[in-house]
Amino acid sequence: MNVLLVHNTYQQPGGEDQVFAAEQENLRRHGLNIHTYSVSNDSIQGHNQLQVAAQTLWNRQQAGHLARLVQDHGIEVVHFHNTFPLISPAAYWAVRRAGAAAVQTLHNFRLSCAPSTLYRVHADGVGRVCEECLGKRVAVGAVQHRCYRDSRAGSAVVAAMQATHWTIGSYRRQVDAYIALTDFGRDKMVQAGLDRASVRVKPNFLAHDPGLGAGDGGYALYVGRLTREKGVLTLLEAWREVSRELPLKIVGDGPLLEDVQQLAAGIPGVEVLGRRSSEEVAALMGRATLLTVTSEWYETFTLVSIEAAAAGVPVLASRIGVLTSVVEDGVSGLHFRPGDPRDLAAQVRRLQDPALRAQLSRQARARFLERYTADINFEQQLDIYRFALERRHRQPQLRPAQAGSSA
Numbered sequence: 001m002n003v004l005l006v007h008n009t010y011q012q013p014g015g016e017d018q019v020f021a022a023e024q025e026n027l028r029r030h031g032l033n034i035h036t037y038s039v040s041n042d043s044i045q046g047h048n049q050l051q052v053a054a055q056t057l058w059n060r061q062q063a064g065h066l067a068r069l070v071q072d073h074g075i076e077v078v079h080f081h082n083t084f085p086l087i088s089p090a091a092y093w094a095v096r097r098a099g100a101a102a103v104q105t106l107h108n109f110r111l112s113c114a115p116s117t118l119y120r121v122h123a124d125g126v127g128r129v130c131e132e133c134l135g136k137r138v139a140v141g142a143v144q145h146r147c148y149r150d151s152r153a154g155s156a157v158v159a160a161m162q163a164t165h166w167t168i169g170s171y172r173r174q175v176d177a178y179i180a181l182t183d184f185g186r187d188k189m190v191q192a193g194l195d196r197a198s199v200r201v202k203p204n205f206l207a208h209d210p211g212l213g214a215g216d217g218g219y220a221l222y223v224g225r226l227t228r229e230k231g232v233l234t235l236l237e238a239w240r241e242v243s244r245e246l247p248l249k250i251v252g253d254g255p256l257l258e259d260v261q262q263l264a265a266g267i268p269g270v271e272v273l274g275r276r277s278s279e280e281v282a283a284l285m286g287r288a289t290l291l292t293v294t295s296e297w298y299e300t301f302t303l304v305s306i307e308a309a310a311a312g313v314p315v316l317a318s319r320i321g322v323l324t325s326v327v328e329d330g331v332s333g334l335h336f337r338p339g340d341p342r343d344l345a346a347q348v349r350r351l352q353d354p355a356l357r358a359q360l361s362r363q364a365r366a367r368f369l370e371r372y373t374a375d376i377n378f379e380q381q382l383d384i385y386r387f388a389l390e391r392r393h394r395q396p397q398l399r400p401a402q403a404g405s406s407a
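Residue numbers (my numbering): 1 to 407.
I should point out that these hints are in silico values taken from the structure, not numbers from a laboratory. Hints are not guaranteed to be accurate.
What the hints assert, rightly or not - Estimated spans, in silico, between C-beta atoms of each pair:
1. 366 / 28: 23 to 31 Å
2. 258 / 279: 21 to 29 Å
3. 394 / 128: 41 to 49 Å
4. 277 / 393: 44 to 52 Å
5. 18 / 137: 46 to 54 Å
Claimed, not checked - The calculated lysine to aspartate or glutamate pairs, modelled on EDC-like cross-linking and capped at a C-alpha distance of 20 Å, are:
6. 202 / 340
7. 249 / 279
8. 249 / 216
9. 202 / 187
Even glycine gets a Cβ: it sits at the ideal position worked out from N, Cα and C.
Taking the hints into account, I'd like the entire structure generated from these sequences.
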């Protein structure tokens, strides 16, 4: 199968960029003929704001370039990871007009949320889950609340992009298959307006199995961005109660780094390690007693939870959003109420039971082998590509005047 992977990379590399690279490697390893095309947000520098806004709505040049790639290389499936802001949904029309099926991974909630997170800081200064614009064709709330980078103008551009492409059918009729990472993610995007039949569920995966860890380090581990929505302040508050029972190592960077360092200095047994390499994180994970995932927003997937499962490390996860799917309560970990440090501390104490910890460790490792290996993921992805091709060839192609132009 001839596949083109397309991605608009971010100025600060993140999880989507890692998945894009991992899927390239995995698909090639399994024998597919893979082509790639990416543009970087770094190229925005030097462009005026009106030019970037126009490209976000409809990038005719990128659409034409992708159409030529499809024709020149005999591409059967074009798999988009991110089109925002420089590729634009115009690309869907172009590649389908050129004869390929279009697949889009839903790494976030951008189709119906300007900041893509379904989370915002409210008037009282507290960040909370927000679904105000979910399912609305014109996201007035996003503009009113300055949801995209605290900019009313920027939010208006994203809202205009969403309204345009919901209205002309780019999202519902020009993508043959969507890939949601969890059942929860699929449900939210169906709520936003997608046809449930077009959304298939395929989780992320680990390219390499680290193997079962020793779990002999005698510490809890947090790995992630140091931000309010990640629940890191709740984590530290919980550790005021349990620090003498189980030390905590915090790995990550972010806007709250200095605050976290100052708070941790007053809590015995809490160590802030800052940013660490993937190899260092894997070593820390393999020896951890448990992993904490304390998010207070929905997330779209948590790769670190799979890394823990692969190593047989139980996860304490907030009972919110996708975490309830990725971390199964009583199977691969335990849930606690999001934003509740006392409940988190109580679950830490529950996991001091060696028998329970051993049971969850075995079950977590088994779940990884059942669902999250590279080989299993390839079969799921290939099935979705076949599904997309079938849908592509039984649907008529609609052609707005400017779609797929090679100009």
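Cross-check of the supplied hints:
no. : hint                  : verdict
1   : 366 / 28: 23 to 31 Å  : holds, 28 Å
2   : 258 / 279: 21 to 29 Å : holds, 26 Å
3   : 394 / 128: 41 to 49 Å : holds, 43 Å
4   : 277 / 393: 44 to 52 Å : holds, 45 Å
5   : 18 / 137: 46 to 54 Å  : violated, 33 Å
6   : 202 / 340             : violated, 31 Å
7   : 249 / 279             : holds, 16 Å
8   : 249 / 216             : holds, 14 Å
9   : 202 / 187             : holds, 14 Å
Hints 5 and 6 from the earlier list are contradicted by this structure; the remaining hints agree with it.
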